[in-house]
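Take these sequences, add in the hints, and give me the full structure.
Residue numbers for the sequence shown follow the numbering used here, so the first one is 1 and each next one is one higher.
Hints may be right or wrong, so weigh each one.
[Stated by the list, open to error] As a list, the in silico SDA-like pairs of lysine to any residue whose alpha-carbon atoms are at most 20 Å apart:
#, residue 1, residue 2
1, K28, V65
2, K127, G198
3, K127, L194
4, K28, Q51
5, K28, V117
6, K82, P118
7, K129, E218
Worth flagging that the hints you see were computed from the coordinates, not collected in a lab. None of these values were measured; they are calculated from a predicted model.
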Amino acid sequence: MVRQSFSRIIQLILVLLMLSLATFLLLKLAPGDPVLTILKANEGAVSQSDQDQVQEQLGLNLPLVQQYGLWLQGVIQLDLGKSFVNNRAVWDLMMDRLPATVSLTSGAIVVLLLISVPLAILGAKYKGKWPDHLSRLFALIGASIPSFWLGLLLIYAFAFKLNWLPTMGSGNVRHLILPSITLGFVMAPEYIRLLRSGLLDALSQEYVRAARARGIAEWRVIARHALRAALLPVITIFGMSLGALLAGSVVTETLFAWPGLGSMVMEAITQRNYPVIQGYVLLTGVFIVTANVLVDLSYSLLDPRIRSGRGRNV
1 MVRQSFSRII QLILVLLMLS LATFLLLKLA PGDPVLTILK ANEGAVSQSD QDQVQEQLGL
61 NLPLVQQYGL WLQGVIQLDL GKSFVNNRAV WDLMMDRLPA TVSLTSGAIV VLLLISVPLA
121 ILGAKYKGKW PDHLSRLFAL IGASIPSFWL GLLLIYAFAF KLNWLPTMGS GNVRHLILPS
181 ITLGFVMAPE YIRLLRSGLL DALSQEYVRA ARARGIAEWR VIARHALRAA LLPVITIFGM
241 SLGALLAGSV VTETLFAWPG LGSMVMEAIT QRNYPVIQGY VLLTGVFIVT ANVLVDLSYS
301 LLDPRIRSGR GRNV
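Set out below in structure tokens:
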């Protein structure tokens, strides 16, 4: 177990280094000249001396390897450069927006669990009957609905027609409801199918049959024995789907004008604000890679077969 953990940490460091290199090259390969982008805010003509001065300030006159080394040193110190638009530090901009994205993804996870767990349990308990058909139909429909279409439908129904909820913004908890439902709903089908399959497998195991033979109530057998075993693969999928969650938040935040990282990067893309795009790619990449490593380690802790080397190959 210790050797597996050490191996995962080494892999994490290597992947993060590769990610940092890819993120650094993003700015180098981007169209346009960053020096001119910075200076274009000036109303007067841009002289060659001004360009040379900014180039020297940014270290763009240095060899590429040296530029990467200085940039990586800055990243380690949480210095991701400054925005081309307002000259604010990129790290400060992202930290201002991060709480809104965290609250949105947390709300989406709650919605996801409220939808997927009950429907998966119903589908497994009543396999082949109408609750199971309903569960699978919901998963099929949910997987076919784009998040932006669902968001527009929810806005039309609950904001314009019923006037129950606000359409956009982040003033209070009511503003969080529609974006959370939009993001959580479109991710729920994958978890319904996976959890239902895991429950069906767990319900056929010997220890579940033994629990039933002891006279334990069926719902208690499912909640205490089968569900616990079925959640293990779900934990793995959650780490893998974190990227989809963050990608979905870009669309959802833009649609609902939610002031998170997703709407920030969309603004940066339209403005060609490359340092902000670069910082967003790096930050989300770190989140995803770290989450997957933590999921692997937690999976090893939760499943004794893996600690003994008989289970999932990590």
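Okay, the hints, checked on the actual structure:
Only pairs whose Cα atoms come within 20 Å are accepted, and K28 paired with V65 is accepted, the gap being roughly 12 Å. A distance of roughly 13 Å separates the Cα atoms of K127 and G198; the hinted pair therefore holds under the 20 Å criterion. Between K127 and L194 the alpha-carbon distance is near 14 Å, which keeps this suggested pair within the 20 Å criterion. Using a Cα cut-off of 20 Å, the hinted pair K28 and Q51 holds, with the two alpha carbons roughly 17 Å apart.
For the hint pairing K28 with V117, the CA-to-CA distance comes to about 45 Å; that exceeds 20 Å, so the pair is violated. A C-alpha spacing of about 47 Å is found between K82 and P118, which places the hinted pair above 20 Å, so the restraint is violated. Only pairs whose Cα atoms come within 20 Å are accepted, and K129 paired with E218 is accepted, the gap being roughly 17 Å.
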